[in-house]
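Protein chains: 2
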Amino acid sequence: MISHDLSGLSAVCEARAPVDAAYLADASASMGLRGRADAVALPADAAEVAAVMRWCYERDVPVVPRGGGTGYAGGAVPIDGGVVLSLERLTRVRSFDPLLWRIEVEAGVRTATVARLARENGLYFPVDPGAAEQSQIGGNIATNAGGPHTFKYGVMGKWVMGLEAVVPPGELVQVGGPVRKDVAGYDLASLLVGSEGTLGIVTAAWLALMPAPALRIPVAASYGSTAAGCAAIESVLASGVVPAVLEYLDAGAIAASGATFPGGLADDARFLVITESDTGAQDADALAEALGRTALRPDATALWRWREGVSLAVTARRGGKLSEDIAVPLDRMAQAIDEIVAIGARHALEACSWGHAGDGNLHATFLLASPEDLPRAEAAVHELFALAIGLGGTISGEHGVGWLKRGWLGRQWDAPAVRLHQAIKAAIDPKGLLNPGKKTA
Amino acid sequence: MISHDLSGLSAVCEARAPVDAAYLADASASMGLRGRADAVALPADAAEVAAVMRWCYERDVPVVPRGGGTGYAGGAVPIDGGVVLSLERLTRVRSFDPLLWRIEVEAGVRTATVARLARENGLYFPVDPGAAEQSQIGGNIATNAGGPHTFKYGVMGKWVMGLEAVVPPGELVQVGGPVRKDVAGYDLASLLVGSEGTLGIVTAAWLALMPAPALRIPVAASYGSTAAGCAAIESVLASGVVPAVLEYLDAGAIAASGATFPGGLADDARFLVITESDTGAQDADALAEALGRTALRPDATALWRWREGVSLAVTARRGGKLSEDIAVPLDRMAQAIDEIVAIGARHALEACSWGHAGDGNLHATFLLASPEDLPRAEAAVHELFALAIGLGGTISGEHGVGWLKRGWLGRQWDAPAVRLHQAIKAAIDPKGLLNPGKKTA
Chain Y
1 MISHDLSGLS AVCEARAPVD AAYLADASAS MGLRGRADAV ALPADAAEVA
51 AVMRWCYERD VPVVPRGGGT GYAGGAVPID GGVVLSLERL TRVRSFDPLL
101 WRIEVEAGVR TATVARLARE NGLYFPVDPG AAEQSQIGGN IATNAGGPHT
151 FKYGVMGKWV MGLEAVVPPG ELVQVGGPVR KDVAGYDLAS LLVGSEGTLG
201 IVTAAWLALM PAPALRIPVA ASYGSTAAGC AAIESVLASG VVPAVLEYLD
251 AGAIAASGAT FPGGLADDAR FLVITESDTG AQDADALAEA LGRTALRPDA
301 TALWRWREGV SLAVTARRGG KLSEDIAVPL DRMAQAIDEI VAIGARHALE
351 ACSWGHAGDG NLHATFLLAS PEDLPRAEAA VHELFALAIG LGGTISGEHG
401 VGWLKRGWLG RQWDAPAVRL HQAIKAAIDP KGLLNPGKKT A
Chain W
1001 MISHDLSGLS AVCEARAPVD AAYLADASAS MGLRGRADAV ALPADAAEVA
1051 AVMRWCYERD VPVVPRGGGT GYAGGAVPID GGVVLSLERL TRVRSFDPLL
1101 WRIEVEAGVR TATVARLARE NGLYFPVDPG AAEQSQIGGN IATNAGGPHT
1151 FKYGVMGKWV MGLEAVVPPG ELVQVGGPVR KDVAGYDLAS LLVGSEGTLG
1201 IVTAAWLALM PAPALRIPVA ASYGSTAAGC AAIESVLASG VVPAVLEYLD
1251 AGAIAASGAT FPGGLADDAR FLVITESDTG AQDADALAEA LGRTALRPDA
1301 TALWRWREGV SLAVTARRGG KLSEDIAVPL DRMAQAIDEI VAIGARHALE
1351 ACSWGHAGDG NLHATFLLAS PEDLPRAEAA VHELFALAIG LGGTISGEHG
1401 VGWLKRGWLG RQWDAPAVRL HQAIKAAIDP KGLLNPGKKT A
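Protein sequence lines correspond, in order, to chains Y and W. Numbering (this note's numbering) for the first sequence: 1 to 441. Numbering (this note's numbering) for the second sequence: 1001 to 1441.
The set of hints was computed from the structure by calculation and includes no laboratory data. Certain hints may be false.
Said to hold, decoys possible - In silico lysine-lysine, DSBU-like type, Cα no more than 30 Å apart, as pairs:
#1 W:Lys-1158 - W:Lys-1425
#2 Y:Lys-425 - W:Lys-1158
#3 Y:Lys-425 - W:Lys-1425
#4 Y:Lys-152 - W:Lys-1158
#5 Y:Lys-158 - Y:Lys-425
#6 W:Lys-1152 - Y:Lys-425
#7 W:Lys-1431 - Y:Lys-431
#8 Y:Lys-431 - W:Lys-1425
#9 W:Lys-1425 - Y:Lys-158
#10 Y:Lys-158 - W:Lys-1152
#11 Y:Lys-158 - W:Lys-1158
Unchecked claim - Derived coverage of chain W by chain Y (criterion: at least 3 residues anywhere in the stretch with Cβ under 8 Å from a Cβ of chain Y; other residues may be distant):
#12 1162 to 1173
#13 1206 to 1219
#14 1411 to 1418
#15 1421 to 1434
A quick note: this is a predicted structure, and the numbers were derived from the prediction, not measured. Just so it is clear, CB atoms sit at the ideal spot from N, CA and C, and this is done for glycine as well.
Pulled out of the complex, with its shape left as it was, chain Y reads as follows (with noise of 0.2 Å):
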């Protein structure tokens, strides 16, 4: 353990030690994990960020950069001391010009007010990750964020046109910005997005945003069993509408979260597929002939209320949970689902998955009554990203690898690709101090 003598940092911008628990955790807290940091800095704008940055690094300080702490990969959380550098300050909205469906925003502003700011100007911002009133935009881009939406209108980096983020040793650099195209250069603005604070500190964004739908027609049907639900699901894919959403709820996610359901549902539902158009009644109808028979339509805005408390009734059926992000391909769907109730049982626990089932991003939970089931659990999620791996997908869909899947990207990428990603680190960030131990091989 290292300690570092932080007491000129209070003289580049305000910063407090100790440091308060709120910044030593993110969302993966249930799981026991919480850092230890010598300092938090608050900077006020990008040019305090970048000089927080230039600061530490010449003295070999660790930064830990930190949005709304929403992560479930401890991406946020500082592991072995240096400083935490909170963006909470930097919450200004630069410029907003909706009849150019653009606006320029800080790091520090929420996921949830960009979505407003573009709502009450006929505008969509599709980004709807879970945590949206808590989560910051920093946040977002620094995980590649998703949610239900994005399936149709894609994830985080789809929407960023231009990024001004600090880089080692401190420089503050702007990539893109109000410019819809551009291949001048490397596409830096995509390697930052989903650097998750290892290359850069995001300090401000330009994001797209478009017209928002005239209207959300969801469609939702229940299956007797996960391969049911499955071949629903292809069908919508062949049904020639591109749903806004896909998603799915197992069997033990609908025992959690099932009784809630907006208008009820079957005793005997096994799997649960929502689908949505945003392209009218007609597409709705279509919608509702591929999945069948049992298709309903719930009211769009009891249904998002109750599909964000999914997480939450799981949760609350054992008391804990540890969940996981993994994605694979489309036709591997209903095999990993089926699999994740299996890993569940060799270690002796409930487990349960949902998500969004057109992108094949599955959030595989394994259920906690307490704390002597955590062992099993992680044991079982190993199993977990071994399959997601076997299967030709990913460990992390939206999450990242943050500190909680540090050494698994090392088991999905061949070693020329691994070797590629650890070149870029080494290029951006030689000493190694920007989110130390994140994002690791």
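Since the structure of chain Y is already known, use the hints to place chain W on it.
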């Protein structure tokens, strides 16, 4: 001028020397750019691509990858010897799963082939660059190609789910695959997309497809001035509809091509706006209302056949042209369009522009009546690039930097961003043998 002894290359894969002239130029040949190479390698598969790169890397021989040769920036032109590595024999469609909206193709498969396979199976591949019959998927990826319909659906990179590529010193890597979401490692696929063969050679790609829109309804309208036309474009953006395309032609482009516009144009047309609804008649009506009283509905097939001929018609007007593809923020478009003509006038050249208005992506063009006009046109192009940068735009929206725009990235980006660009190149291609001289700052 360096010459390389490549007598051993033919043991690695099929190779030819001397090099046929067809491999020494691209679509910029009209500007007199013709390169020099010691041999052309024609690998049969990805393993042979890796073997050629290994062979060259060990011997310090430059490697210039080549797709369909339809680029406008000299990106595929070998500047000073070495090996041209043509992907033309990598033409396999490795897998195609229409029901799962995905296809895996080798780099040498033609863009039009992917579009046709998709269409024949009720699907749609929206990337539609100008020379789709000749251009190859690998080249589309290397330049992050666009086209009219990428306004709504996104440029090439947004359709790449995974890449297989050969990177220095000759290793085959795979990043991504048949998975729609993956945040495990850095986004190496996006880094390779648009890198113009300077970081790696793409050998195959997993591409996403989508269901084909049921109906395309183009709506166009002409105006008496740039200002009126650009106001109409803003009305379209405010209409609440996301049009599939949002194109324009200025007065000069209309003078060159308007006579054959399907259905004809008014004599006093000085600006043409073209939109298309692929979401039904109601949205087409809304687009027509936004375009105003001159709105008309040309036949889709005739319109797009005509639109493909615009570039050639402009060339035909004086015999030659020098065309660049700047992009600017949408609110600077009218200014850019008028300034292009003014720049031409200052150099005694007729000038015009057309392109992807919704993306602010302008094909700015100076007409050449004789080779003597070329130096003045080159001076005009330099003013054009300075204009794009001054307006907060980019020197290239879709063609790339190649050889002809070398040095301009350093004027568009600030120094720290350029250093990142160069650090990445040095980290991945330490000998600088991959497409030397291209995409430099």
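Hints, verified against the model:
1. W:Lys-1158 - W:Lys-1425: Roughly 23 Å between the alpha carbons, so the hint for Lys-1158 (chain W) and Lys-1425 (chain W) holds.
2. Y:Lys-425 - W:Lys-1158: At roughly 24 Å apart (the allowed maximum being 30 Å), Lys-1158 (chain W) and Lys-425 (chain Y) satisfy the hint.
3. Y:Lys-425 - W:Lys-1425: Distance ~13 Å between Lys-425 (chain Y) and Lys-1425 (chain W) Cα, so the pair holds.
4. Y:Lys-152 - W:Lys-1158: holds (12 Å)
5. Y:Lys-158 - Y:Lys-425: The hint holds at about 23 Å.
6. W:Lys-1152 - Y:Lys-425: violated (34 Å)
7. W:Lys-1431 - Y:Lys-431: holds (23 Å)
8. Y:Lys-431 - W:Lys-1425: holds (19 Å)
9. W:Lys-1425 - Y:Lys-158: holds (24 Å)
10. Y:Lys-158 - W:Lys-1152: Distance ~12 Å between Lys-158 (chain Y) and Lys-1152 (chain W) Cα, so the pair holds.
11. Y:Lys-158 - W:Lys-1158: holds (7 Å)
12. 1162 to 1173: holds (count 4)
13. 1206 to 1219: holds (count 4)
14. 1411 to 1418: holds (count 6)
15. 1421 to 1434: Since three or more residues must qualify, the claim that chain Y covers the segment 1421 to 1434 of chain W holds, with 7 doing so at under 8 Å.
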